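Engineer: Now for the letters of each chain:
Number of protein chains: 4
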Amino acid sequence: MTTPEPIGRRRWAIAEGYIPPGGTHADDPRFESHETACLLNANDRDAHVTITIYFKDREPAGPYRVTVAARRTLHLRFNDLEDPESIPHDTDYSSVFESDLPIVVQHTRLDSRQAALALLSTIAYS
Amino acid sequence: MTTPEPIGRRRWAIAEGYIPPGGTHADDPRFESHETACLLNANDRDAHVTITIYFKDREPAGPYRVTVAARRTLHLRFNDLEDPESIPHDTDYSSVFESDLPIVVQHTRLDSRQAALALLSTIAYS
Amino acid sequence: MTTPEPIGRRRWAIAEGYIPPGGTHADDPRFESHETACLLNANDRDAHVTITIYFKDREPAGPYRVTVAARRTLHLRFNDLEDPESIPHDTDYSSVFESDLPIVVQHTRLDSRQAALALLSTIAYS
Amino acid sequence: MTTPEPIGRRRWAIAEGYIPPGGTHADDPRFESHETACLLNANDRDAHVTITIYFKDREPAGPYRVTVAARRTLHLRFNDLEDPESIPHDTDYSSVFESDLPIVVQHTRLDSRQAALALLSTIAYS
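Residue numbers (numbering that gives the first Met the number 0), protein chains in the order written: chain A, 0 to 125; chain B, 0 to 125; chain C, 0 to 125; chain D, 0 to 125.
Hints were generated in silico from the structure; no laboratory data involved.
Just so you know, nobody snuck in bad clues.
For chains that are exact copies, the list does not tell them apart, and a pair is met inside one copy or across any two.
With a cut-off of at most 20 Å between alpha-carbon atoms, the simulated EDC-like pairs for lysine to aspartate or glutamate come out as follows: (1) Lys55 x Asp43; (2) Lys55 x Asp89; (3) Lys55 x Asp45.
Bear in mind that the values here come from a model prediction, so they are computed numbers and not experimental data.
Assemble the whole structure, with the sequences as input and the hints as a guide.
Structural biologist: Quick look at the structure:
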């Protein structure tokens, strides 16, 4: 399977970011409130991605570094970013992704603070 | 009814993909958890589309082949893709669509794992 | 208030379309299941928009004609389109908007088939 | 942390706007029904943004003026816009953002009129 031209862009931004504080399904990680950036690397080489997190009232955090392997997708939970620091819950943030290869980024949130799940998703800005 | 110039692009990507495992309304297919790619072909000729599915930890699946007839829309459920292989449930994936004519692709999910439905939709990346 | 350059595009497509059949709040039109195209005309002249509806298994319907007044927004419910024909409920469709002036189109659905509302929204393709 | 080239655009539009009238969680501002524009300014200088609100049946309101500090994100609730006038609830509107520096704008709504939250989000048009 070959991808003759790479699909995507090298820089993406998600202006909306918010990890809800806990949820009603905290015993099941699939239902835990979370915020995800889905990164698709359709290239035949690994993509090295640097993430910067912007806040309302402090300097940005980062850079966070993730690798998306060749011909793979990475559904990255912001909850899991820990180095150089965790992203606080119940806090507004934005994120910028810079990659050395074209990738595609989509933003999804599952909010399980209530018994009824709430979902949102949107393509990031590129 | 004529469309003087075709609307759309020939390649699209949906970075976020996930088919929830079952649901609370499994007896009614309209409420069954599903993930859909809506493909619009506003051309006066059939569009031939090849779909590749990317995963986290294995090589891509596909190519899947679908035809969108001239002046028609196809609301494709990923659940229904079976050749060359089914897409596993409860697994993260991404998808890339390549068409021989310009089309428009939109991504929608209905999550019925809870009594309250959750919906998301976003235009794909092109 | 002046808008030196018009914002938007002249052609838009919404690949995903579906009007749910009825709802649990049918006595209150704000909670009735509906699908909306929001059209913004930031120009200083009226915009004349032609809408074509595409289906899975029949020729397209339309043209439907709406006018968005200068410096106004129109939140158009697909339920309200009646000339040349109504759009059937519980049926997949796509829509294409062609305007004589640049406009901005966004797609939103309220699904009230369950007690808990489900909402989706996405910018249309242009 | 430096951003060699600014990410974003200088003009954005959100065609869909609607602040639901009250909610079931009005005692907790996190759950109050609201509509948000998230503005990311990844530049090293403050961005000055002018917002115009368009309605169905009256002249536009504004200009509203907000500043997004350098390397900061602003999650702006339309409920909070008061000068030159408040935005009425239960009324359809659209918004246009004009900035002196490139920014990224995303649109999110939390609808808490029912016990189950409903969420939507989409990148704005640029």
